[in-house]
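A.B. asks: Heads up: the sequence lines are chains A and B, in that order. Under our numbering, the first residue of the first sequence carries the number 1260, and numbering increases by one thereafter. Under our numbering, the first residue of the second sequence carries the number 779, and numbering increases by one thereafter.
Note that these hints are calculated values from the structure, not bench results. Be careful, since some hints might not be right.
[As the list claims (entries may be wrong)] Pair ranges (Cβ atoms, derived): (1) F988(B) to G1286(A): 32 to 40 angstroms; (2) I890(B) to V1290(A): 39 to 47 angstroms; (3) N1471(A) to I890(B): 45 to 53 angstroms; (4) I1585(A) to V1056(B): 42 to 50 angstroms.
[Stated by the list, open to error] One side of the interface only, derived from the structure: several residues of chain B facing chain A at Cβ under 10 angstroms: (5) L813; (6) L864; (7) A865; (8) A878; (9) F880; (10) A881; (11) I882; (12) L998; (13) I999; (14) A1003; (15) I1025; (16) F1026; (17) A1030; (18) G1031; (19) L1041; (20) L1049.
[Claimed, not checked] Sample of chain A residues lacking proximity to chain B, with all beta carbon distances greater than 10 angstroms (derived): (21) L1335; (22) H1354; (23) V1365; (24) V1387; (25) K1423; (26) I1518; (27) A1544; (28) F1565.
Cβ coordinates follow ideal geometry from the N, Cα and C atoms, glycine included.
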Amino acid sequence: MSAIQESVTEAPVVEAVPKKAMTLGYGTSLVMLALLIAVPLFVKNFIIFQLTMLLIYAIAVLALNILTGGSGQFSLGQSAFYAVGAYTSAILMEHGGINYALTLPVAGIVCFGFGFLFGQPALRLSGVYLALATFALATAMPQLLKLGAFEYWTGGVQGLVVTKPDAPFGLPMGQDMWLYYFTLAISIAIYIFSVNLLKSRSGRAFMAIRDNEIAASAMGIDVALYKTLAFGVSAGITGVAGGLGAIAVQFVAPDSYTITLAISLFLGMVVGGVGWLPGSIVGSAFIIFVPNIAEGISKGLSGAVFGVLLFLVIFLVPHGARQGAIVAQHLIGKLRKN
Amino acid sequence: MELFTNQILAGIATGAIYACMALAVVMIYQAIDHLNFAQGEMAMFSTFISWQLMQWGIPYWGAFVLTLALSFAGGIAIERLLFKPLAKAPILTNVAGFIALFAIINSVAGLIWDFTIKQYPTPFGSHPFLGSQLISTHQAGMIGVTVVLLILLYFFFQFTRMGLAMRAAASLPESARLVGINTSWMIALGWGMAAAIGSIAGMMIAPVVFLEPNMMGGVLIYGFAAAVLGGLTSPLGAVIGGFLVGIFENLAGTYIPGAGNELKLPIALALIIVVLVVKPAGLFGRPIVKRV
C-alpha cells in the first residue's frame, strides 16, 4: 500500500494495577470465607451443587485472570484446557480406577504441559493474534475430543460417566456437601497460591511484561520464558478446575466444552474486573446465575441478555466488580470518618 | 486425475466464500485494528433477512440487493452505536464487545427464526456446469459472484475519490485527517462494506451448509485462517489466502486419510498456528514494527 513502514506504539493491554489492589484485606477475606463455609449448611442440595460449580468456575476465571491481568496475554481458548483437565480426571478415574482427589494434580500437570506447549508458538503472537489462535483452539477442541482414534478412552460423542465420590472417614454429610467443601478447600489453596505467585519474583516479571514488554526484556526478564510460564500456570489451574467440574457434573462429553464455555469464562473475567483476583468469584456468579435469570426473562433469549449485559458492563463499569469494590471502600471510609 | 481437478475446482468454489469472509475481516481490521469475531454471525443474520424477504415473495435477486443494502446500513449502525465509543478502549474491551455482539446476534436469530435447519435456494441451480461433471452451476455461480465483487471493489478502491479516502484513512489516519478526510466516517463505511461483503458470503454458502443460526462457525474460522495466511494488512492477500485455504481444505480432506469432515476445524486451527509461527505477517502483509 504505502512505502512507509508502519510503526505502532502499542498501548498496554490492561491498565497497570498496583499489587495491593489485586487482593482483599484480611477482614473482608475472613468474612467471605465464613460465608462460604456457612452457606451450604442452610440450603438445598441443588443449590449446594450450584455453589460448587460457582467455585469451580471461579477457579477457571482466576486462572484466566492470572494470564490476562498478570501477564497481559489473551486467551479465548480456556475451554480447551478445561476440557483436557476434565477428560484427564475422568479417564484416570474410570479407566485407571484412581482416587478422584489424586486425579486433580495429574490434570493440573497435564494441562500445564499442554498450555506450556501451546504457549510456545503463542508467545510469538500478541494481542489479536493470540486471541485468534486461542479462539481457533477452543472451536476445534470438541472435534478433537470426538476423534475415532481416542474413542476407547474418551467414549467419543457419548462421553464418559463419572461416579460421584462419597464423604470419607464416615463424615456425616451428603455427597454434594462433601464435594462442596472439598472444592472450597482446593479453591482457597489455589487462591492463596495465585496471590503469592503474583507477589513473587515471577509475578513481578509477569506484570513487567504486561506493562511494557520491551522495557521488561531490557531489565533482564526472559520474556519468552515468563510468557509461556504464565500460559502454562493458567492452563494448569484451569485443568484442575476442569477435573473438579467433571467430578461435580459426573459426566464429560465433547459438546460441554465448546467455544461458549470459553466465552463465558472470558466474560467472567471482564465482569469481575481484569487483574483483580477476588473479582473472579463475582464473575463466576455472573456466568452461572445470569443465564438462568435471562432464561427466566425470555426463553431462548439468554444469549442476547448475556450480550446486552456485557455491553452495559463495558460501557458503564469498564473495570468490572473492582470498580464496585473501590466505590464501596470509599463509602465505608467516609462512614468511619463521620 | 479427474478427482484431483474436481477437488481443486470445488476448493476454489468454497475458497470464494472464505475469500469474502477474509475480506470482510480484513476491512474491519484495516479500519480499527481489531478482529471482528462477530463477522460470521453478522453474515448469518443477513442471510436470514434475505430468506425472510424471499418468504414474503420477493424474487431472489431483489432480495439479494435489498439484503446488501440492509446489511450495509446495519454494519454502519453497529459501528456508530457500539464500537465508535470503544475506539480508544483497550484491546480487551473491544474483544469483549465483539463477543457480546456475537452472543446477541446468534441468540436473536435463534429467537426469530428458531434453530431448525432450513433449505436455502440457489439462483444458479445445481446442474453440472456446461455439461462437465467437474463442477456444479452453483459452485460456478459462487466463483462468478465473488470475482465480480472483487473487480468492483478493486475499481472502487483504485479509481474513486471515496476509495482513495478510505485507503488514506486506513494507512495514515492522522495525515488523512489533515487533508480533510472524515476518518471517523471512513471507519463506519468500512464496517458497512464489511457487513455487505459478509452477507454475500452468507447467501452464497447457505445452499451448501443450509440455513441455521450456527451455520457460519466453521466458515468464519476458515475466513480467519485465510486472512492470516494472506496477511491481515492486505485485502488482496486475504482474497488469495481465501482461495488457497479453500483448495487446501479440499485436498487435505481427500488425500490425507482420516482428515475428512470430522477434522475440518482442527485443520483450520493447525493452519492458523503454522502461518502465525512461520510467517506472522502472512504472505502479503507488512510486518508491524514496534516503537519503544
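A.B. asks: A separate judgement is required for each hint: does it hold in the structure or not?
C.D. replies: Against the structure, the hints come out as follows:
no.	hint	result
1	F988(B) to G1286(A): 32 to 40 angstroms	violated, 58 angstroms
2	I890(B) to V1290(A): 39 to 47 angstroms	holds, 46 angstroms
3	N1471(A) to I890(B): 45 to 53 angstroms	holds, 47 angstroms
4	I1585(A) to V1056(B): 42 to 50 angstroms	holds, 45 angstroms
5	L813	holds, 5 angstroms
6	L864	holds, 7 angstroms
7	A865	violated, 12 angstroms
8	A878	holds, 4 angstroms
9	F880	holds, 7 angstroms
10	A881	holds, 4 angstroms
11	I882	holds, 3 angstroms
12	L998	holds, 9 angstroms
13	I999	holds, 6 angstroms
14	A1003	holds, 8 angstroms
15	I1025	violated, 19 angstroms
16	F1026	violated, 15 angstroms
17	A1030	violated, 14 angstroms
18	G1031	violated, 13 angstroms
19	L1041	holds, 7 angstroms
20	L1049	holds, 9 angstroms
21	L1335	violated, 7 angstroms
22	H1354	holds, 23 angstroms
23	V1365	holds, 24 angstroms
24	V1387	violated, 5 angstroms
25	K1423	holds, 31 angstroms
26	I1518	violated, 8 angstroms
27	A1544	holds, 18 angstroms
28	F1565	violated, 5 angstroms
In summary, the numbered hints that this structure violates are 1, 7, 15, 16, 17, 18, 21, 24, 26 and 28.
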